[in-house]
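Peer 1: Read off the chains here:
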Amino acid sequence: MSSKLDNGRASFAFQCADTTKQLSYAKEYKQYSKKLPMMIKTNGLAATFAFMLSKDQNKNEGKAYHKLGDDILYWLKTCNTTNDIFQNKSTFKDLVQDVINLDSFKYNLITQETINFLLWLRRFTEGLIND
Amino acid sequence: MYSQKAILLIRNITPMHVGSGNELGIVDLPIQREGHTDFPKIEASSLKGSLREAFENKLGEDNLDIHLVFGYDEDADANQKIKTILNNTEYAGAVSFSDARILLFPVKTPKGVFAWITCPYALKRFDEDLKIAGLKKLNLPKELNNIQNNPETCIVASNNLLINHKMILEEYSFTASVDTNFAQNLYNYLKIDDLNNKLVIVSDEIFTSFVKLSTEIITRTKINNSTGTVKEGALFNEEYLPAESVLYLLVFTAPIFNTVKSNFTDDLSVMKFIKDNLPAYIQIGGNATLGKGIVKANFMEV
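Protein sequences, first through last, are from chains A and B. Residue 13 in my numbering sits at position 13 of the first sequence; the count goes up by one each step and never skips. Each number in my numbering corresponds to the 1-based position in the second sequence with 131 added.
These are computed hints drawn from the structure, not numbers from a lab. Among the hints, a few may not be true.
[What the hints assert, rightly or not] Below 20 Å or equal to it, Euclidean Cα-Cα: the simulated PhoX-like pairs (lysine-lysine) are:
#: 1; chain 1: A; residue 1: Lys-34; chain 2: B; residue 2: Lys-343
#: 2; chain 1: A; residue 1: Lys-77; chain 2: A; residue 2: Lys-89
#: 3; chain 1: B; residue 1: Lys-406; chain 2: B; residue 2: Lys-322
#: 4; chain 1: A; residue 1: Lys-35; chain 2: B; residue 2: Lys-297
#: 5; chain 1: B; residue 1: Lys-406; chain 2: A; residue 2: Lys-106
#: 6; chain 1: A; residue 1: Lys-59; chain 2: A; residue 2: Lys-77
Everything numeric in this text was worked out from a predicted model, so none of it was measured.
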């Protein structure tokens, strides 16, 4: 991984957008990656994650949120500043469970990191995924 | 040389949008922020324009004193008359403003509706600025470094803010220690009612996250009159510094640079002019027609 934090985010976000573009729910994935940063800012990280979890995974909508959740988890596990917190988590549900038990400082750190990652993801889905 | 100094306090009565243009971040039209802290600020150039306008509204655009103190504005009304009096137009204004810095930021709380949060960095900087302005320094609480080392804790002004010994700010909770003296001390400078019931000091990092994530976001749109639907590309969101935010700036004055001095004999008379004529309420930033950016402004007297 690159030593530069933002470059790491950017290259992983590119990878996520690139692997998602062939999938049936690519359009939803693009749409939601755009929406999520603002949702986190206005409702908080935990509420947003809970919302994502609540979506039915049998539908395209749920699949897209599920993939977004997995991508966020994978990024938080890789990223320099947060990898120690989520090392053993394997599913998005585990991540959510962990997030709601974090102390304020770490919760805040994860919030910022998630938003920063999503901002890159949003840029790349815009360019790589067609409507 | 700018030798007279003062501190001007600004308290938002309505939300304020002093914009920095388009951005690729969360909001389309974000507010201005400091490069090194990401704290909201008001750029000195934005402020100078707003303050000059406030003076012009009160004294008239063709007021000679305004041209001497703020600098010559060739677009002002009746500029020929002024131009003739001033002989030439090449001179600097005699008043100088710093960027406005954030001191208190309002955050929702379950108890007392909202709290004014600040942090060690903002307070130390304010203390330094007090020194620059030649005002009495603050008596900062001793526990400031403790919160910095332990961001799970905070200092609150009153027991009234606490629920079960915890301070709740939006979705975060903090272990609190109570310090009534400091809020009283700060009140002597700011003269903001209820400060002793609402002041909370959190760590620099927590403060940064609140000023980044807890600003107001307004979604704007434009409806096409003939179709009654949203006009294409007209959906955008704007960031606002919420009402009740408290900022301050340094004001410096120099003797008038022009050979015409009018009533201004020295830098002191320039400062007096500013202090005597500043309206109590002024408008800063964009969306004035939506009632945004109305602030209460007053010079700090300590």
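Peer 1: Work down the list of hints and note, for each, if the structure agrees.
Peer 2: Hints, verified against the model:
| no. | hint | result |
| --- | --- | --- |
| 1 | A:Lys-34 x B:Lys-343 | holds, 19 Å |
| 2 | A:Lys-77 x A:Lys-89 | holds, 8 Å |
| 3 | B:Lys-406 x B:Lys-322 | holds, 17 Å |
| 4 | A:Lys-35 x B:Lys-297 | violated, 33 Å |
| 5 | B:Lys-406 x A:Lys-106 | violated, 46 Å |
| 6 | A:Lys-59 x A:Lys-77 | violated, 27 Å |
This entry does not satisfy hints 4, 5 and 6, going by the numbered hints stated previously.
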